[in-house]
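For the record, the sequence lines run as chains V and C. Numbering-wise, my numbering comes out as the position in the first sequence, counting from 1, plus 1. Numbering-wise, my numbering comes out as the position in the second sequence, counting from 1, plus 62.
Check each hint, because a few of them may be wrong.
Below, a list of computed lysine-lysine pairs in the DSSO-like style, where the Cα atoms sit at most 27 Å apart [unchecked claim]: (1) C/Lys291 / C/Lys310; (2) V/Lys200 / V/Lys168; (3) C/Lys216 / V/Lys427; (4) V/Lys456 / V/Lys472; (5) C/Lys216 / C/Lys310; (6) C/Lys187 / V/Lys456; (7) V/Lys200 / V/Lys46; (8) V/Lys456 / V/Lys76; (9) V/Lys456 / C/Lys291; (10) C/Lys216 / V/Lys456; (11) V/Lys147 / V/Lys76; (12) V/Lys369 / V/Lys147.
Hints listed in this document are in silico derivations from the structure and should not be mistaken for laboratory results.
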Amino acid sequence: MKKKNNNIFKKIADKAYEYGFFSNVNTDIIESGLNEDVIRLISDKKGEPEWMLEFRLQAYRYWQTLKMPEWAHLKIPPIDYQAISYYADPTKKSKDNKNKEIDPELMKTFEKLGIPLEERLALSGTAVDAVMDSVSVKTTFKEELKEKGIIFCSMSEAIHEYPDLVKKYLGSVVNYRDNFFAALNSAVFSDGSFVYIPKGVRCPMELSTYFRINAANTGQFERTLIVADDNSYVSYLEGCTAPMRDENQLHAAIVEIIVCENAEVKYSTVQNWYPGNAEGEGGVYNFVTKRGDCRGNNSKLSWTQVETGSAITWKYPSCILRGDNSQGEFYSVAVTNNYQQADTGTKMIHLGRNTRSTIISKGISAGKSQNSYRGLVRVSKNADNARNYSQCDSLLLGSQCGAHTFPYMDIHNDNAVIEHEATTSKISEEQLFYCNQRGIGTEEAIGLIVNGYAKEVLNKLPMEFAIEAQKLLSVSLEGSVG
Amino acid sequence: MEKLIEIKNLHASIDGKEILKGINLIVNPGEVHAIMGPNGSGKSTLSNVLVGHPAYTVTEGEVIYKGENLLALSPEERSHAGIFLSFQYPVEIAGVSMTNFMRAAINAKREAHGEPAMSAADFLKLMREKRALVNLDSKLANRSVNEGFSGGEKKRNEIFQMAMLEPTLSILDETDSGLDIDALRIVAEGVNKLKRPETSTIVITHYQRLLDYIKPDIVHVLYNGKIVKTAGPELALELEERGYDWIKNPQ
Chain V
2 MKKKNNNIFK KIADKAYEYG FFSNVNTDII ESGLNEDVIR LISDKKGEPE WMLEFRLQAY
62 RYWQTLKMPE WAHLKIPPID YQAISYYADP TKKSKDNKNK EIDPELMKTF EKLGIPLEER
122 LALSGTAVDA VMDSVSVKTT FKEELKEKGI IFCSMSEAIH EYPDLVKKYL GSVVNYRDNF
182 FAALNSAVFS DGSFVYIPKG VRCPMELSTY FRINAANTGQ FERTLIVADD NSYVSYLEGC
242 TAPMRDENQL HAAIVEIIVC ENAEVKYSTV QNWYPGNAEG EGGVYNFVTK RGDCRGNNSK
302 LSWTQVETGS AITWKYPSCI LRGDNSQGEF YSVAVTNNYQ QADTGTKMIH LGRNTRSTII
362 SKGISAGKSQ NSYRGLVRVS KNADNARNYS QCDSLLLGSQ CGAHTFPYMD IHNDNAVIEH
422 EATTSKISEE QLFYCNQRGI GTEEAIGLIV NGYAKEVLNK LPMEFAIEAQ KLLSVSLEGS
482 VG
Chain C
63 MEKLIEIKNL HASIDGKEIL KGINLIVNPG EVHAIMGPNG SGKSTLSNVL VGHPAYTVTE
123 GEVIYKGENL LALSPEERSH AGIFLSFQYP VEIAGVSMTN FMRAAINAKR EAHGEPAMSA
183 ADFLKLMREK RALVNLDSKL ANRSVNEGFS GGEKKRNEIF QMAMLEPTLS ILDETDSGLD
243 IDALRIVAEG VNKLKRPETS TIVITHYQRL LDYIKPDIVH VLYNGKIVKT AGPELALELE
303 ERGYDWIKNP Q
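One chain only, chain C, in its complex shape (with noise of 0.2 Å):
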């Protein structure tokens, strides 16, 4: 099986401070892997160097895509090319409704894989399906870009996001954070619903929570800049009874 993603001893800093101290990471085709830690691991950082955040500076290592240099691509390329962020922090956008916004991600989506642009009429039925998935009110869909949602409807927004743009690697950091129980079923089944065979995915999480509604295959602790243990399912029940001391501080 061909690898999705390989990432290798990737080191990142910001404002000249390291976080990504060398990780190693390989997500094949259908994966599901978690990767979880204590505040201040570098879960973030790495979902925001893999997706291209100009605040980040990666200063060694190389990740692989699909066969390619994933670093050398543009934020707005990466998208093209199939990587997709569930931000843990939707920012708002006024004035640009959710409508325009997606019309022009997906067409320029579009546009850089050589397709003519989305007819209105086509668009506008996959907005009403996409949203069924993740029971989104068509009022929001109206509205700015996450200004005036909730906590859980910015989250929503986002899978719903997802669903429109059908990455290969979805990256989901934190996306159970500031959810209620029922808002974490409606996106966990919207990200299940989602899933397809050639299709991967990252679950950042602190928690064991979401980890019942979306099963990983491979479970990671990320600590201090570096994974420290790479497990089944079971290393997620483990840390949610143990707690992160155990890693910090191994006897």
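One chain only, chain V, in its complex shape (with noise of 0.2 Å):
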């Protein structure tokens, strides 16, 4: 039985990954290295203004200050960052050539990715916003957003369109101080999405960025901004995939969210990154910090991701309750396989009165993996009534893999009510063998199981992206058992 077992278990490997190809474009890429030339040098093929330059020199000059952090429970080879490139631009084209014709075989990319960019093709009710590289290929819906006021568009054309607005909120949630690898981004960043919702409109659609990355020993480092006014609403999907490398590559991106009185935010991610393969060989560092400040009374922002590729995460994406009355909402399901490793949850600050936070975290771990959830519940003084729920969850296929879970509390504020729960539960081949007794092959018995472990995160996520995440965690458990 035990041999059987590990057998069943062990299989979890060498699935094809469905994204794993390559797009043979004509690609712009600087060479690799990271000095202040480099720096200038991106901001000059962004013709960016000189305030946006000296942002990203003085997030430079304290990057080279830092050390990469080693607190997570993660082991990262050393990164070499001259051996970098920080800049990829596959929409390659003559200054005078500008906003014209996208090359043929980018639009073909995406629409291999299902992700097509022509509007009469385009998913209903969706705006995307397509990143290829460290350049938005194209943003579809612009104008129809625009009649009410919304904004979406790339962040490169935000800084030359929307100066002001990105201005005031660029780096107000995540300064460039915040971390290393938030100093990194804010020096480096290329593309990303920028979003603004006036006052009082429900934006009528799903706003998504779908961020590609394609060429080789590049990094990608986007950047995005949203905005929501006073009574505003937007629900923004974020999708993320790259081609299979033996190399790693290092994604590093900021999410900035700004939710204003009475306003809500939803974000949603399902993140693919090539996890690497079954020898843990190649695969995306996935290094980002994302976070939102619900600055507003009333304010609310709902964080869904589900988390099944990347070699290594690192992603903790954190609401500040500054409202009063202002809402968090954190739910996650992080699957690791074969030598893929997870480190992720939140942070949840509560510093207005009456604020209220939830926390689901589901982690599945297969293969050699290792995952963990880190959480942070900080309850200020002044933060009267704050309440918090936390639901930790870990589930394991077979025994060589690991689920660790990391609860902070920092409570400063006598009458918070803060509840936190964990389970870890193991698929056991008595379920799988029921399943199988009746008639339920073992793949699709896991997918069950997974699916349903995972149902409470996975009811969050808009309708389309809810049937794409099923699917994905089917898949990216497949090979586990056999």
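Put the complex together from the two separate chains, hints included.
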């Protein structure tokens, strides 16, 4: 029985990563290496104003004084930051041809990823900003949204078109001094999305950004900024994939969200960066700082993430609950297989009165992977009647993987109510056999059980995303049994 | 009449320990066989081996089911071929609703038989119909598989699944254990209602009382890994009266 079991859980391995193809597009890649000249070059290529360059240089100088953090439950091989190229533009064209034709190969790439960029083919009710390597390729439905006063465009465009908004909000939630990767991103970030929802507007469609890494030996440093003004609402989705490569690629992003009075933002991620092969070679290092500031009273921010990809994930989408009655939510499913490592969770910082937060984290570990939940709930002295509910569940497949939970609580107000629940369970052979006896094959059985386990979180995703995510969960664990 | 299943000189072990030591048994279509015997005689092992539980190793002998080598089939293939085990201890599966579970089971079987998946409407209708057969509450059907079910509910749920899957050979492994008399009657009546002329049942039990409801054609006594006695239904009554000692220590 033991032997059979091991077999069952060992096979988690080599299923083909569906998005692992490479697109042969004419790409302008700058030489690898990082120094002030490189930063000036990036800024110049993007035709940025002086203040933006200053922002970058300041961050870079600070970054140089930092060391990579080592507190996470991760084994990160040394990264040679000089061996990475910090800018790759797959939309290369001559200056006077700007905003003209998009290379059909690029259009095809996104179509293959299920993200058609022609509006007539687009998923109904979803506007997309498609980012490949360092550049936004296209943003759909921009004009329709503009009619409502909604700004949805690439970060580069926002820097030119809406400098006041960008200056006001960029770095206001995640300062370049926040951490090592935040400083790096602030220095070299290339593209990402900018969203502004004006007062009283409910965004009529889902906004989404699809991040694609294509070029080799490059890093992707995207930057997303979402501002929901008073009484507004937006639901934003993010998806990510990358080609299969033997070397690791670095993705260090920052997402900042500002939620004003009575506004609500839902941010959903389906992260499927290339996780590396069954032997743990290759894959994306996903080191991301995501944070939202619920500045206004009665504001609400909800993070939902389904993390199946990346060789190493280091991310803690967080909520600063500054406004009175503001609410933060974090729903997460993180799957690790083979040699993947994830250290992910959230921070809920209660500053305002009557603030509430909910954390539901579901970790699924298979193969030889390590999956950690790390979360902080902080209640400041003035945050009267703060409430937090945390639930951290771990599901293990096989006996060679690890699940870890690191909950931190830092409570400075006596009337806070904090609840924490945690469970660890294992898919047992008896469960699988029971399914088999009823005619359900082992892989399908695991899919059923895993999706059942993650249901609470998947239900929070917008419909179409939820279906995708369900499939993704099953696929990510395919081969985990035999 | 063609045999439904023929077990020939079956030897099986778990963790290197031999439990079945040469079982011979033929079940014809339409027959109900009872297998009785004291604890540890190998009754559950026999049922587990027939459905292909991976913990057991067949060391000798063969099993022919519908003319085919049963032992060459995976557990799910045996299920698709119409073998059903009502588990002695049904396992709980958190997060998976009975509805999703049964739907996966039914459609897996249909797929194996080259049939299209059942429509949601047809499926829900079938669920309702079959639920009624064992008085299974609709609430239970919406809950996770066996989660928080009482002992009796779990057994009724087993028979409900049997009703859904319409097996040719049903093996009831101590389905009577842990049931009060009313639950026993409901379960047994459910089994009887599902009986068709071509389907067969192997009832594994310690006690006569289940056999008051599910009438066996043939009764076997399993002892120390072998069938030591085979007779008509009167054997069950005799065992009830005299216990197993006279079988264990033949005079």
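Here is how each hint holds up against the structure:
{"no.": "1", "hint": "C/Lys291 / C/Lys310", "verdict": "11 Å, holds"}
{"no.": "2", "hint": "V/Lys200 / V/Lys168", "verdict": "19 Å, holds"}
{"no.": "3", "hint": "C/Lys216 / V/Lys427", "verdict": "21 Å, holds"}
{"no.": "4", "hint": "V/Lys456 / V/Lys472", "verdict": "13 Å, holds"}
{"no.": "5", "hint": "C/Lys216 / C/Lys310", "verdict": "33 Å, violated"}
{"no.": "6", "hint": "C/Lys187 / V/Lys456", "verdict": "25 Å, holds"}
{"no.": "7", "hint": "V/Lys200 / V/Lys46", "verdict": "34 Å, violated"}
{"no.": "8", "hint": "V/Lys456 / V/Lys76", "verdict": "30 Å, violated"}
{"no.": "9", "hint": "V/Lys456 / C/Lys291", "verdict": "52 Å, violated"}
{"no.": "10", "hint": "C/Lys216 / V/Lys456", "verdict": "24 Å, holds"}
{"no.": "11", "hint": "V/Lys147 / V/Lys76", "verdict": "45 Å, violated"}
{"no.": "12", "hint": "V/Lys369 / V/Lys147", "verdict": "48 Å, violated"}
The structure does not agree with the numbered hints 5, 7, 8, 9, 11 and 12 stated previously, though it agrees with the rest.
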